[in-house]
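Trainee: With these hints in hand, go ahead and build the complete structure from the sequences.
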Amino acid sequence: MTDRLGELSAAGVAVWLDDLSRVRLSSGGLDQLRREKHMVGVTTNPTIFAKALSDADEYNWQLRDLALRGVAVEEAVRMLTTYDVRWATDVMRPAYDSSDGVDGRVSIEVDPRLAYETEKTVAEAKSLWWLVDRPNLYIKIPATEAGLPAITATLAEGISVNVTLIFGLDRYSQVMEAFLAGLEQAKANGHDLSKIGSVASFFVSRVDSEIDKRLEKIGSAEAKALKGKAAVANAQLAYERYAEVFSTDRWRALADAGAHPQRPLWASTSTKNPDYRDTIYVEELIAPGTVNTMPESVIHAYADHGETRGDTITGSYEAARKVLADLIAVGVDFDDVINTLEREGVEKFEASWEELLDGVRKSLAAAATGANHPNQAAQGNAAAAQQAGGNA
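Its first residue numbered 1, the sequence shown is counted upward by one per residue in UniProt numbering.
Please keep in mind that the hints were generated in silico from the structure rather than gathered at the bench.
These figures come from a predicted structure and were not determined experimentally.
Just so you know, not all the hints are guaranteed correct.
[To be verified] Below 25 Å or equal to it, Euclidean Cα-Cα: the simulated SDA-like pairs (lysine to any residue) are:
1. Lys-224 with Asp-333
2. Lys-120 with Ala-188
3. Lys-37 with Asp-97
4. Lys-272 with Asp-97
5. Lys-322 with Ile-280
6. Lys-195 with Thr-118
7. Lys-51 with Gln-32
Mentor: Rendered as structure tokens:
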């Protein structure tokens, strides 16, 4: 059988999973993906955790303990989520060790309600770094205007960062500047640059979803002919900027000090339109030094019928520029698209965070009244004994 994910990895794309749950951890499913599907990293977000905690009994034993201690709901959320992330970092540690710290990373996001507050974001990043206490952790910080200085300040502390919610090229350039400045400060602060990692999560399918909606509203034949082309073109031009920045003398000075480049990570890579090929946002974004974080369904789809055609980004820049120019020509306000997507991205994660808080609040109340099954605490403690990294 053709090892399609192996071919993708050989082409320079790190395969990451965009999901995490305690069921996936306790069942061994996460480790199976690492061993069998070339999966070398994990990303999470508030939506993923809200779903994980809403439909799994495996959290009940820990919820019971937290309820007995009278822990506040926000602290309980942090204990529950950091437990899972710590466990996942231990599962992914072999990939971290074998890649000299480049892969094997697991991401956890700062409270999305802090997206517009720089100092609080930095403080939470430091707290999460301390709570999980694993070298292969990434702290996710959104690429809002307030997030940019937080990215620099967090990296300057020697903390690895996954920059999330990047939609536009200009903001991506600002993210790379924040990364370089952060590493320069980290070096001045005496940190070992070889231990600091970073990725820049550039969102893909959401761009097509928003622009396709606008093209449909415009309604002309020229507009409809551009549907499904914007997201890939936008990401291809992001890679062009990445290649430019990480070939400068400024970067080489940091590389000489042991730094790893901030890799572009293609996020939101499941197709939202059923008319599009289900692996399009993987196949059209293959290039050395990239990461593609996928839902498990996309990982399996690529393993089944994905096509690795070599580098599908380098050399595409002029065609990609024409796509963006054509979009503007038919009436798409690209700046408004990017601003809308960033605002909505923060709002969606805020809503998921509130959903998570509400779910944990109700679960704590139920646990406090003894609503959980009497043997769940024992089951949970048995699961905990299987991995030394977590604590209730």
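Trainee: Determine for every hint whether it applies to the structure shown.
Mentor: Status of each hint after checking the structure:
1. Lys-224 with Asp-333: Holds. Lys-224 to Asp-333 sits at ~16 Å (cutoff 25 Å).
2. Lys-120 with Ala-188: 23 Å, holds
3. Lys-37 with Asp-97: 18 Å, holds
4. Lys-272 with Asp-97: 35 Å, violated
5. Lys-322 with Ile-280: 20 Å, holds
6. Lys-195 with Thr-118: Since the Cα atoms of Lys-195 and Thr-118 sit roughly 24 Å apart, the hinted pair holds (cutoff 25 Å).
7. Lys-51 with Gln-32: Roughly 21 Å between the alpha carbons, so the hint for Lys-51 and Gln-32 holds.
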